[in-house]
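First to last, the protein sequences are chains F and H. Sequential numbering from 1 applies to the first sequence in the numbering used here. Sequential numbering from 1 applies to the second sequence in the numbering used here.
Treat the hints with caution; some may be incorrect.
Identical chains share a label here; the pair holds if one copy fits it or two copies do between them.
[Said to hold, decoys possible] Quick list of in silico lysine to aspartate or glutamate cross-link-like pairs, EDC-like style, CA-CA up to 20 Å: (1) Lys30 / Asp413; (2) Lys135 / Asp254; (3) Lys135 / Glu371; (4) Lys411 / Asp361; (5) Lys161 / Glu337; (6) Lys30 / Asp361; (7) Lys64 / Glu337; (8) Lys161 / Asp10; (9) Lys411 / Glu150; (10) Lys219 / Glu141; (11) Lys161 / Glu253; (12) Lys219 / Asp361.
Think of the hints as simulated: they come from the structure by calculation, not from any bench.
Number of protein chains: 2
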Amino acid sequence: MNDSSYIPVDGGVCAPQGFLGSAVSCGIKKPEATRLDLALIYSTEPCVSAGTFTTNRVQAACVKVSREHLRKGDIRAIVANSGNANACTGARGVEDARGECTRIAGILGLKPCEVAVCSTGVIGLPMPMMRIYPKFPELAEGLSRDKGHEVAQAVMTSDTKEKIIAIEFMVQGRPVRIGACCKGAGMINPCMATMLCFITTDAGISRDVLELCVQSGVKSSFNCITIDGDMSTNDTVLVMANGASGVTLESPEDIYAFQQALAYVMLELAKHIVQDGERVTKFVTVRVTGGRTEDEAKKAAEAVAKSSLVKSSWNGNDPNWGRIIHAVGYCGAKVDEEKIDIDIAGLPACRGGVQADTPSDDLRQAVQVPEFQVDINLNRGEFSHTVYTTDLSPEYVDFNRSEYAYWNQAKADGLTR
Amino acid sequence: MNDSSYIPVDGGVCAPQGFLGSAVSCGIKKPEATRLDLALIYSTEPCVSAGTFTTNRVQAACVKVSREHLRKGDIRAIVANSGNANACTGARGVEDARGECTRIAGILGLKPCEVAVCSTGVIGLPMPMMRIYPKFPELAEGLSRDKGHEVAQAVMTSDTKEKIIAIEFMVQGRPVRIGACCKGAGMINPCMATMLCFITTDAGISRDVLELCVQSGVKSSFNCITIDGDMSTNDTVLVMANGASGVTLESPEDIYAFQQALAYVMLELAKHIVQDGERVTKFVTVRVTGGRTEDEAKKAAEAVAKSSLVKSSWNGNDPNWGRIIHAVGYCGAKVDEEKIDIDIAGLPACRGGVQADTPSDDLRQAVQVPEFQVDINLNRGEFSHTVYTTDLSPEYVDFNRSEYAYWNQAKADGLTR
């Protein structure tokens with residue numbers, strides 16, 4: 001099965017059978033705001049579910065609660081908000097996250113542990129529950145099959161585009177669907193990001209197998225992107241499989257087909273995140289080959305993708321291979337300077353650690369595009385690794401200079417001094 | 001002995017007895033430029049010497065040659081240029097670096113291995129030797145005791161200020177001097193930086209002891225600073241001790257006094273580098289205490305000091321403790337979220353992982369200054385670590401967008417296509 005076997009369909013997380021979505025506006029950031037900031041995803045059927053969470057030692061209250069619920073069993077609903085991360089909020093934050101699950105479960109007739117809760121936004125301020133709880137009845141009443149886009153919009157923070165995908169593919173001659181949405185634009189780094197991703201599927205699958213598919217998919221998608229090198233406290237990927245397609249995945253072939261399709265969906269969304277990175281102008285694929293180990297290739301790719309100097313040069317359309325090789329040099333792997341080859345946008349820039357023959361004007365011309373690839377061959381072995389990343393722009397820094405507005409509102413709300 | 005025992009004196013590397021300096025303009029970056037870009041430091045007496053170099057696996061030709069010369073014995077002269085790093089220049093670069101040592105040695109009546117060579121500037125372009133070699137006679141003829149400032153100026157790249165220091169202190173009731181200069185403003189990271197530092201002293205000291213003093217001094221100074229997290233290919237610290245003061249350091253007390261004085265000089269210069277970081281507006285001391293190990297404290301301090309989001313918030317005068325704790329969380333150490341206390345500019349910002357009582361306006365007011373300290377207590381043990389760093393500004397990114405000018409000149413010089 002290849003990418004062309006996946007038929008794009010509309011509807012995001014609501015595209016698979018048996019999944020409903022809803023979104024409302026609570027004014028979490030400021031009371032007068034009208035943008036959607038609270039979403040609900042619900043499966044009309046019982047689900048098998050799996051998830052992965054941030055490896056940051058500082059974890060949001062919602063991550064703690066959702067992780068606990070997934071450990072207890074399977075979830076069937078996800079409530080998610082933007083505007084406040086419910087992170088570093090102590091016992092009060094955990095109480096708020098549990099309160100959300102309990103109330104949503106009450107309305108939907110589920111057990112509280114069948115609900116996962118996700119939050120994204122500013123760190124360190126208590127959630128304005130006085131504006132969130134009153135919206136729960138409206139949120140639940142609004143559940144329908146045509147709100148996949150609204151769900152995606154409600155979790156956006158600095159995202160400029162909604163990130164949504166759904167595909168249909170054939171298993172046992174019958175259609176199976178995977179639908180998903182995600183958000184993320186800053187605090188984006190390998191090992192999960194300020195990133196929420198919700199995936200639904202109407203395939204029938206066992207929990208063990210679903211967990212394996214999620215782990216392998218995340219490894220080659222969300223763990224291969226970096227925008228600013230900052231890892232968030234809230235990163236979450238949640239997958240719910242309700243079997244409503246009537247197709248149950250049991251044979252190795254079917255499971256493999258599903259695993260590939262899930263990985264495809266995850267990688268597409270991961271690329272969407274990078275392409276929508278905060279104030280970025282370039283989407284750059286850094287591919288390192290010739291590593292003696294996979295770890296070696298990974299270290300080199302990540303060092304290049306995270307170097308402020310390399311990223312600044314991309315912002316200036318400067319095909320600066322000198323900065324690229326300097327980042328490879330400090331990546332921590334024992335690379336051999338005189339073996340390193342670098343191609344930029346398909347043109348040789350460096351051969352054996354020194355400049356290649358390509359005229360510098362040709363290289364400059366080649367990077368005057370919104371997307372290009374950097375190929376680095378360490379020429380030490382057979383392992384490779386790819387990282388998807390961006391440039392660093394003056395506008396990124398400017399955009400991230402202050403979160404005053406959040407604090408001012410929290411003060412008005414009596415949530416901080 | 002404390003800082004007040006060190007009497008500041010003028011003259012930089014020429015302040016200690018028996019050291020001469022010189023600097024000329026070669027037009028390394030562009031032929032018509034008149035700024036100083038080539039320097040020479042020379043001891044009229046034989047020296048004991050020590051040095052440390054970048055740990056980047058990609059190392060400049062000059063680093064390779066100087067390291068070799070130091071391994072063979074002691075150096076007595078240093079030739080250094082700005083405008084070209086002589087890095088990633090292959091066999092030709094090594095030939096150029098050796099050529100410099102040989103010619104300078106010839107003029108000064110030394111062996112080539114008694115000369116160290118240093119370069120700083122753009123990576124990947126051959127050195128324009130046709131403009132450097134012809135200036136060597138003038139450079140050597142200009143040697144004098146009053147050119148400490150010119151030497152410091154000649155190695156500046158994006159530095160906006162010359163970085164120079166010299167002190168006098170008493171050992172055995174007699175004056176000993178240490179003089180130094182350094183350069184560095186970008187590619188600055190722990191484990192040495194795009195950083196050259198030349199230190200001279202008229203103390204008499206054995207090589208073993210000098211090497212130990214240099215290692216310990218670098219560890220608590222140049223290895224504790226970060227501006228942009230990028231480690232250079234050229235970092236070098238060289239120390240020459242010629243004994244011309246007539247004071248020989250042999251007793252543990254005298255050696256300790258010298259070691260402290262050397263560490264003081266290195267830390268002052270390291271702070272100068274951070275204060276002159278490329279387009280920075282803040283000098284921030286990140287002090288982590290309460291680590292279970294020193295490594296734990298170091299990881300936490302470095303993660304905070306290198307976070308693009310934290311640094312962007314400092315640029316915006318935003319005392320954003322949420323971003324600080326998020327960086328502590330992903331630093332790689334097993335910190336306990338609910339034990340973390342954070343003070344910003346002396347005010348409690350976070351206690352036990354949640355917001356402290358300090359009014360947000362007070363915190364904002366406190367960071368509206370060019371220098372402040374962030375204190376992070378992990379409350380897990382007794383170890384601490386301090387990192388000196390800066391904010392990240394839109395102007396930094398803008399400044400580093402392109403090195404076109406270098407490549408254009410190299411093309412005109414026939415050194416690249």
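Now for the hints, and whether the structure bears them out:
1. Taking the shortest alpha-carbon separations for Lys30 and Asp413, only the intra-copy value of 9 Å comes in at or below 20 Å, while the best inter-copy value is 60 Å.
2. For the homomeric pair Lys135 and Asp254, neither the shortest alpha-carbon distance inside one copy (41 Å) nor that between copies (74 Å) is at most 20 Å.
3. In this assembly of identical chains, Lys135 and Glu371 lie within 20 Å of each other by CA distance neither inside one copy nor across copies; the values are 42 Å within and 45 Å between.
4. For the homomeric pair Lys411 and Asp361, the shortest alpha-carbon distance between copies (10 Å) is at most 20 Å, but the shortest distance inside one copy (54 Å) is not.
5. Taking the shortest alpha-carbon separations for Lys161 and Glu337, neither the intra-copy value of 41 Å nor the inter-copy value of 33 Å comes in at or below 20 Å.
6. Within a single copy, Lys30 and Asp361 get their C-alpha atoms only as close as 50 Å, which misses the 20 Å cut-off; across copies the closest is 19 Å, which meets it.
7. For the homomeric pair Lys64 and Glu337, the shortest alpha-carbon distance between copies (12 Å) is at most 20 Å, but the shortest distance inside one copy (45 Å) is not.
8. Taking the shortest Cα distances, Lys161 and Asp10 sit within 20 Å of each other inside one copy (16 Å), while across copies they are farther apart (59 Å).
9. In this assembly of identical chains, Lys411 and Glu150 lie within 20 Å of each other by CA distance neither inside one copy nor across copies; the values are 29 Å within and 54 Å between.
10. Within a single copy, Lys219 and Glu141 get their C-alpha atoms no closer than 37 Å, and across copies no closer than 62 Å, so neither meets the 20 Å cut-off.
11. In this assembly of identical chains, Lys161 and Glu253 lie within 20 Å of each other by CA distance neither inside one copy nor across copies; the values are 35 Å within and 66 Å between.
12. In this homomeric assembly, Lys219 and Asp361 never come within 20 Å of each other (Cα to Cα): the closest approach is 37 Å inside a single copy and 42 Å across copies.
Checked against the numbered hints above, the structure violates hints 2, 3, 5, 9, 10, 11, 12; every other hint is satisfied.
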